[in-house]
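Please arrange chain B on chain A, whose structure you already have, making use of the hints.
Here is what each chain is made of, one letter per residue.
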Amino acid sequence: MRFRVQITRRDGIADPEGTVTTHALQELGFKEVTGVAFGRDITVEVDATDEQEASARVVEMCDRLLANPVIEDYTVERI
Amino acid sequence: MTHDSGLKVAVVVFPGSNCEHDVAHALRAMGADAELVFHRETDLSGADGIVLPGGFAHGDYLRTGAIARFSPIMAEVERHAALGTPIIGICNGFQVLTEAGLLPGAMVANSDLRFICRFVPVRVESTDSVLTRNAEVGQILRIPLNSFEGNFVSGGSEPQVVLRYVDRHGEPDATINGSRIAGIANPAGNVAGLMPHPERASDAMLGSADGRILLESFLTSMAAVPA
Chain A
1 MRFRVQITRR DGIADPEGTV TTHALQELGF KEVTGVAFGR DITVEVDATD EQEASARVVE
61 MCDRLLANPV IEDYTVERI
Chain B
1 MTHDSGLKVA VVVFPGSNCE HDVAHALRAM GADAELVFHR ETDLSGADGI VLPGGFAHGD
61 YLRTGAIARF SPIMAEVERH AALGTPIIGI CNGFQVLTEA GLLPGAMVAN SDLRFICRFV
121 PVRVESTDSV LTRNAEVGQI LRIPLNSFEG NFVSGGSEPQ VVLRYVDRHG EPDATINGSR
181 IAGIANPAGN VAGLMPHPER ASDAMLGSAD GRILLESFLT SMAAVPA
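Chains as they are written, first to last, in the numbering used here: chain A, 1 to 79; chain B, 1 to 227.
So here's chain A without its partners, still in its complex pose:
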């Protein structure tokens, strides 16, 4: 079973990579860009049969390791 975890920076937390990339795109001529935000895409493969149970475990993986709740939010979906 495979799950897709998407990790995003929480609102209000500085995203220097996003800021610098916004400026870089604007300087390349893409003046219409007003913002860029970087996230992280993680695929977790598990040996499981019950999707709900497996999904709950992946959520736990996010809470404990994959995401830092101080600066990140996440979503989990089965793929």
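Calculated directly from the structure, the hints in this document are not laboratory data.
A quick note: this is a predicted structure, and the numbers were derived from the prediction, not measured.
Pair ranges (Cβ atoms, derived):
id: 1; chain 1: A; residue 1: Val20; chain 2: B; residue 2: Glu41; range: 36 to 42 Å
id: 2; chain 1: B; residue 1: Thr175; chain 2: A; residue 2: Gly35; range: 20 to 26 Å
id: 3; chain 1: A; residue 1: Arg2; chain 2: B; residue 2: Asp43; range: 38 to 44 Å
id: 4; chain 1: A; residue 1: Met1; chain 2: B; residue 2: Ser157; range: 34 to 40 Å
id: 5; chain 1: B; residue 1: Phe70; chain 2: A; residue 2: Arg2; range: 19 to 25 Å
Listing some non-contacts, in silico: residues in chain A with all C-beta distances to chain B over 12 Å:
id: 6; residue: Glu27
id: 7; residue: Phe30
id: 8; residue: Val33
Beta carbons are placed, not taken as given, at the ideal position from N, Cα and C, and that holds for glycine.
Leaving out everything else, chain B in the frame of chain A:
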């Protein structure tokens, strides 16, 4: 000032740590008994103080310090933190302490996405910590900063700030890496973290001995804890 009382400092080594020898050397030069302890060890019962040194634990994979916080040694670090043992995290060590929840907040990349490698001025904001008890509020120290992800964000917490980056006028400066905060401590003051490297400013030969007052504070704090 040296402490020739056999104070035992455990300097934790994670795979990828690279500042442990400099930290141990600086502490030994000040009379402490510093010992390198690999992250897989599980017994720090003899430690009077603990240092998590700088470097790139686990290659900063996933997030800096994210994996190191689960190392076997961290159970002992957490136990000592609750007991009031003086613990300091330097640079990557500070990052590990925030990931472990022993200090609040988190680190993000420096605001200009540059690896900063130079002396920076920091100002002592509070002497209520094992890192700063021998210093004076307002004192300005020149200490090397060597980091890419040293931009401390409080994330809604209100940490006890012990060191701030300042400009040459001694005023808070957030343009160095995006953060105004260079070092913090927990409410009890026994766990402290800072991004700059005091061990690299521990001898005039290194260009600055300003870091000594921070290491001396740490050793004084260790000597003050009842055995």
